[in-house]
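*Asks:* Please put together the full structure from these sequences, using the hints given.
2 protein chains.
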Amino acid sequence: MKRNVLIIGAGGVGQVVAHKCAQHNDILGDIHIASRTLAKCEAIVRSVHEKKSMKTAGKLVAHQLNALDVDKTVELIRSTNSQIVINVGQAFLNMSVLTACIRTGAAYIDTAIHEDPLKICETPPWYGNYEWKRREECEKAGVTAVLGAGFDPGVVNAYAALARDEYFDRIDSLDIIDVNAGDHGRYFATNFDPEINFREFTGQVWSWQNNQWTSNKMFEVRKEWDLPVVGTRTTYMTGHDEIHSLSKNLGVPHIRFWMGFSERYITVFTVLKNLGLLSEQPIRTAEGLEVVPLKVVKAVLPDPSSLAPNYTGKTCIGDLVKGEKDGKPREVFIYNISDHEEAYKEVGSQAISYTAGVPPVAAAILIAQGPWDIRGMANVEELPPRPFLNLLNHMGLPTRIRDEAGDRPLTFDDEPAQAAAQRSAAG
Amino acid sequence: MKRNVLIIGAGGVGQVVAHKCAQHNDILGDIHIASRTLAKCEAIVRSVHEKKSMKTAGKLVAHQLNALDVDKTVELIRSTNSQIVINVGQAFLNMSVLTACIRTGAAYIDTAIHEDPLKICETPPWYGNYEWKRREECEKAGVTAVLGAGFDPGVVNAYAALARDEYFDRIDSLDIIDVNAGDHGRYFATNFDPEINFREFTGQVWSWQNNQWTSNKMFEVRKEWDLPVVGTRTTYMTGHDEIHSLSKNLGVPHIRFWMGFSERYITVFTVLKNLGLLSEQPIRTAEGLEVVPLKVVKAVLPDPSSLAPNYTGKTCIGDLVKGEKDGKPREVFIYNISDHEEAYKEVGSQAISYTAGVPPVAAAILIAQGPWDIRGMANVEELPPRPFLNLLNHMGLPTRIRDEAGDRPLTFDDEPAQAAAQRSAAG
Chain A
13 MKRNVLIIGA
23 GGVGQVVAHK
33 CAQHNDILGD
43 IHIASRTLAK
53 CEAIVRSVHE
63 KKSMKTAGKL
73 VAHQLNALDV
83 DKTVELIRST
93 NSQIVINVGQ
103 AFLNMSVLTA
113 CIRTGAAYID
123 TAIHEDPLKI
133 CETPPWYGNY
143 EWKRREECEK
153 AGVTAVLGAG
163 FDPGVVNAYA
173 ALARDEYFDR
183 IDSLDIIDVN
193 AGDHGRYFAT
203 NFDPEINFRE
213 FTGQVWSWQN
223 NQWTSNKMFE
233 VRKEWDLPVV
243 GTRTTYMTGH
253 DEIHSLSKNL
263 GVPHIRFWMG
273 FSERYITVFT
283 VLKNLGLLSE
293 QPIRTAEGLE
303 VVPLKVVKAV
313 LPDPSSLAPN
323 YTGKTCIGDL
333 VKGEKDGKPR
343 EVFIYNISDH
353 EEAYKEVGSQ
363 AISYTAGVPP
373 VAAAILIAQG
383 PWDIRGMANV
393 EELPPRPFLN
403 LLNHMGLPTR
413 IRDEAGDRPL
423 TFDDEPAQAA
433 AQRSAAG
Chain B
13 MKRNVLIIGA
23 GGVGQVVAHK
33 CAQHNDILGD
43 IHIASRTLAK
53 CEAIVRSVHE
63 KKSMKTAGKL
73 VAHQLNALDV
83 DKTVELIRST
93 NSQIVINVGQ
103 AFLNMSVLTA
113 CIRTGAAYID
123 TAIHEDPLKI
133 CETPPWYGNY
143 EWKRREECEK
153 AGVTAVLGAG
163 FDPGVVNAYA
173 ALARDEYFDR
183 IDSLDIIDVN
193 AGDHGRYFAT
203 NFDPEINFRE
213 FTGQVWSWQN
223 NQWTSNKMFE
233 VRKEWDLPVV
243 GTRTTYMTGH
253 DEIHSLSKNL
263 GVPHIRFWMG
273 FSERYITVFT
283 VLKNLGLLSE
293 QPIRTAEGLE
303 VVPLKVVKAV
313 LPDPSSLAPN
323 YTGKTCIGDL
333 VKGEKDGKPR
343 EVFIYNISDH
353 EEAYKEVGSQ
363 AISYTAGVPP
373 VAAAILIAQG
383 PWDIRGMANV
393 EELPPRPFLN
403 LLNHMGLPTR
413 IRDEAGDRPL
423 TFDDEPAQAA
433 AQRSAAG
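Heads up: the protein sequence lines correspond to chains A and B, in order.
Taking the working numbering, I'd label the letters of the first sequence as residues 13 to 439.
Taking the working numbering, I'd label the letters of the second sequence as residues 13 to 439.
To be clear, the hints were calculated from the coordinates, so they are not data collected in a lab.
Quick caveat, the model's predicted, so the values are computed rather than measured.
A couple of the hints might just be wrong.
Computed spacing ranges between beta-carbons, pair by pair [stated by the list, open to error]: (1) B/279 <-> A/244: 19 to 27 Å; (2) B/226 <-> A/279: 27 to 35 Å; (3) B/55 <-> A/244: 55 to 63 Å; (4) B/238 <-> A/357: 54 to 62 Å; (5) A/83 <-> B/81: 32 to 40 Å; (6) B/293 <-> A/274: 27 to 35 Å; (7) A/199 <-> B/241: 50 to 58 Å; (8) B/83 <-> A/274: 51 to 59 Å; (9) A/420 <-> B/232: 50 to 58 Å; (10) B/294 <-> A/61: 31 to 39 Å; (11) A/357 <-> B/140: 54 to 62 Å; (12) A/80 <-> B/128: 43 to 51 Å; (13) A/274 <-> B/324: 32 to 40 Å.
Straight-line C-alpha distance at most 25 Å; calculated DSS-like pairs for lysine-lysine [said to hold, decoys possible]: (14) A/260 <-> A/229; (15) A/71 <-> A/14; (16) A/52 <-> A/63; (17) A/131 <-> A/307; (18) B/67 <-> B/14; (19) B/307 <-> A/285; (20) B/84 <-> A/285; (21) A/285 <-> B/310; (22) B/326 <-> B/229; (23) B/260 <-> B/285; (24) A/285 <-> A/229; (25) B/307 <-> A/310; (26) A/357 <-> A/52; (27) B/285 <-> A/310; (28) B/152 <-> B/84; (29) A/357 <-> A/67; (30) B/63 <-> B/307; (31) A/307 <-> B/310; (32) B/63 <-> B/52; (33) B/229 <-> A/307; (34) A/229 <-> A/307; (35) A/307 <-> B/307; (36) B/326 <-> B/131; (37) B/334 <-> A/310; (38) B/84 <-> B/14; (39) B/14 <-> B/131; (40) A/84 <-> A/145.
Each residue gets a CB set at the ideal place from its N, CA and C atoms; glycine is no exception.
*Replies:* As structure tokens, this is what we get:
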């Protein structure tokens, strides 16, 4: 039984993580939240108390921390006696936080691949660039490290594992579809840190097709989907972390990621990119000031967390899986619908943050309770999906399925987590 | 007879002014060019020599000058014995350069209204905000100050004066149309200093309608025109300096300015404006750096002077005048067509700079020779148009007319400048 959670990062996702940890502090124990800016942590602590999210009386403490400083992070993990670290800080922090976990024996959870701030959109193999190089180190130290345990990557990986385990004998293609059909009422805004958001789309688009990496330009491949609840939506093929791990772990010949973009997003992105305003390379103004254009764009855009109060509408994220079962072709869509207003009411964040922030807390609970405490490194699809999806059903992210038998919720209540874990490991 | 010219400003227009002064240095005498950046002046001097633009052997000297420093400007006017100053520097310099002219007795010529760097798009009366407040001071000192002597304002004001003098008994409406049908081959670029360019369009649009100021939003009023040479073109109603002086000096009930914009320009402008990237108010990045967004946009955009070598196509700028002559309704379009490639071949600048830079040199010649040396302040429409347009016919900016008798060049050769001046003054 591991206990006590240190959350690193106090953005919109950190806020959700803190609320959800608080809602389960009977299992998770003390909760600590740390970021570069203490005031942001303190605001989250206030929000948790205002919404009375703490299930039982317990510790919830804000800390100032530069998580690039491994020694300081080690010190904080030790002084707070945290046995689980949920890293939802900027992607640049992953390797230093992981190092601190290895040095202290704390379990590590993150939601996105490590990025080098000086490189944009590194080419695949993404997890192979940093995380997987440290797999052996984790195993030697007996440290549990669950990679990419947000929604996508994360829940969509569990959906894929579930499809493999229970719905298919053979999977031919996996299309992960992520559509935000919400409306924040602003001319333009990104739903999370603009620096990270734009960086995702400034390089090449990588997909896994015919068992090999295929490269396209951003906004080159477009596809419309008819989706539950949100209806017909336009998406564009995008590179995304989980394509890499799933291609390694699932043996599926076609794995693609599709993200919904509005016309407005594409127009703004295209203009900014073509003008050079998304560059992370410093330029010099006529007055001699050295400045990174992307950081100026970030500064003029709305703070993503400021969007939440007026956000309406829903998100739809899921896996469209095609293949064969019992000699017959099959197609299933396993998905979740989340609502921006409901998320804000519950935890003070919109649904994008909500879908990203709830799953790592479910992962932390599964580590605390044992089924996911594997004392090694894993991506989500390598772990038993049922206990994870079962927890999420009860934590605000219910799973639904649409297949030949119609559209319905999926429940996993009949099965205790431990049994499911054994079943999946065997299957 | 005034002689010796000091050019202030070494941008694309300054380059044209220097070449054209050199081509007429038998009349104009010594030529001096000054700007904040000495190297830019030196590059222009080199260009003038390379293209052998000097008509006779004479002085052409580069100087470093901060023209906001009136004492230093006075000193330079005196030490160079300049009797005519052509101010084509940034619009923020007008008042300090005018002061230096008043103190030295040198004639003053500019091509655009004064702007306060801290105010964007001041409301009408534009000339009344700064320039005209100093009219009496000029008259007392016997200083000639010709305001707005570029193309628009400038030549279009002379076209309006010519229409009034020779083509109409009564003018009902004056539409000034400025279309650049050229192509620089870049995704996006402004044809002159982006800071000035965008500032023109970030405020309200003012026009003179039914004898009063009318306000619209930018890109609100759109109109297509069928124009000579460049064909059917889309323009948008825009505020422009000359609407103000013409409304005062012409007594015409409708005066509007129309500028051609490509779809690309409008898209880029709309995105940048809505995002707040055209703001001249400093913002602070997450890292604490204070920076003016507009200056960052300027830094990432192509240097307007870099566009010239690859610029193709033509500009069309003119006055569509409607009214009555001899009891019959009449409509004339008085205009000029300029060619980007020809301008570059002659003076190393594209046609936008060319059309703005040639007219103030014609004005300088008319001051040097007498007809425009009025020892007071005037806008171009208050001065005799024929000698000006006659000079321009021979300096690369020929005037054409399209009316009920067809489309043809207008010539003024039959009439010496002095006679024309008297005629216009009488008429």
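*Asks:* The structure should be examined with respect to each hint, and the outcome stated for every one.
*Replies:* Taking the hints in turn, this is what the structure says about them:
{"no.": "1", "hint": "B/279 <-> A/244: 19 to 27 Å", "result": "holds (26 Å)"}
{"no.": "2", "hint": "B/226 <-> A/279: 27 to 35 Å", "result": "holds (30 Å)"}
{"no.": "3", "hint": "B/55 <-> A/244: 55 to 63 Å", "result": "holds (57 Å)"}
{"no.": "4", "hint": "B/238 <-> A/357: 54 to 62 Å", "result": "holds (58 Å)"}
{"no.": "5", "hint": "A/83 <-> B/81: 32 to 40 Å", "result": "violated (54 Å)"}
{"no.": "6", "hint": "B/293 <-> A/274: 27 to 35 Å", "result": "holds (28 Å)"}
{"no.": "7", "hint": "A/199 <-> B/241: 50 to 58 Å", "result": "violated (38 Å)"}
{"no.": "8", "hint": "B/83 <-> A/274: 51 to 59 Å", "result": "holds (56 Å)"}
{"no.": "9", "hint": "A/420 <-> B/232: 50 to 58 Å", "result": "holds (51 Å)"}
{"no.": "10", "hint": "B/294 <-> A/61: 31 to 39 Å", "result": "holds (37 Å)"}
{"no.": "11", "hint": "A/357 <-> B/140: 54 to 62 Å", "result": "holds (56 Å)"}
{"no.": "12", "hint": "A/80 <-> B/128: 43 to 51 Å", "result": "holds (45 Å)"}
{"no.": "13", "hint": "A/274 <-> B/324: 32 to 40 Å", "result": "holds (36 Å)"}
{"no.": "14", "hint": "A/260 <-> A/229", "result": "holds (23 Å)"}
{"no.": "15", "hint": "A/71 <-> A/14", "result": "holds (16 Å)"}
{"no.": "16", "hint": "A/52 <-> A/63", "result": "holds (17 Å)"}
{"no.": "17", "hint": "A/131 <-> A/307", "result": "holds (15 Å)"}
{"no.": "18", "hint": "B/67 <-> B/14", "result": "holds (18 Å)"}
{"no.": "19", "hint": "B/307 <-> A/285", "result": "holds (17 Å)"}
{"no.": "20", "hint": "B/84 <-> A/285", "result": "violated (43 Å)"}
{"no.": "21", "hint": "A/285 <-> B/310", "result": "holds (15 Å)"}
{"no.": "22", "hint": "B/326 <-> B/229", "result": "violated (28 Å)"}
{"no.": "23", "hint": "B/260 <-> B/285", "result": "violated (32 Å)"}
{"no.": "24", "hint": "A/285 <-> A/229", "result": "holds (13 Å)"}
{"no.": "25", "hint": "B/307 <-> A/310", "result": "holds (16 Å)"}
{"no.": "26", "hint": "A/357 <-> A/52", "result": "holds (19 Å)"}
{"no.": "27", "hint": "B/285 <-> A/310", "result": "holds (15 Å)"}
{"no.": "28", "hint": "B/152 <-> B/84", "result": "holds (23 Å)"}
{"no.": "29", "hint": "A/357 <-> A/67", "result": "holds (17 Å)"}
{"no.": "30", "hint": "B/63 <-> B/307", "result": "violated (33 Å)"}
{"no.": "31", "hint": "A/307 <-> B/310", "result": "holds (16 Å)"}
{"no.": "32", "hint": "B/63 <-> B/52", "result": "holds (17 Å)"}
{"no.": "33", "hint": "B/229 <-> A/307", "result": "violated (30 Å)"}
{"no.": "34", "hint": "A/229 <-> A/307", "result": "holds (24 Å)"}
{"no.": "35", "hint": "A/307 <-> B/307", "result": "holds (14 Å)"}
{"no.": "36", "hint": "B/326 <-> B/131", "result": "violated (33 Å)"}
{"no.": "37", "hint": "B/334 <-> A/310", "result": "violated (50 Å)"}
{"no.": "38", "hint": "B/84 <-> B/14", "result": "holds (22 Å)"}
{"no.": "39", "hint": "B/14 <-> B/131", "result": "violated (36 Å)"}
{"no.": "40", "hint": "A/84 <-> A/145", "result": "holds (23 Å)"}
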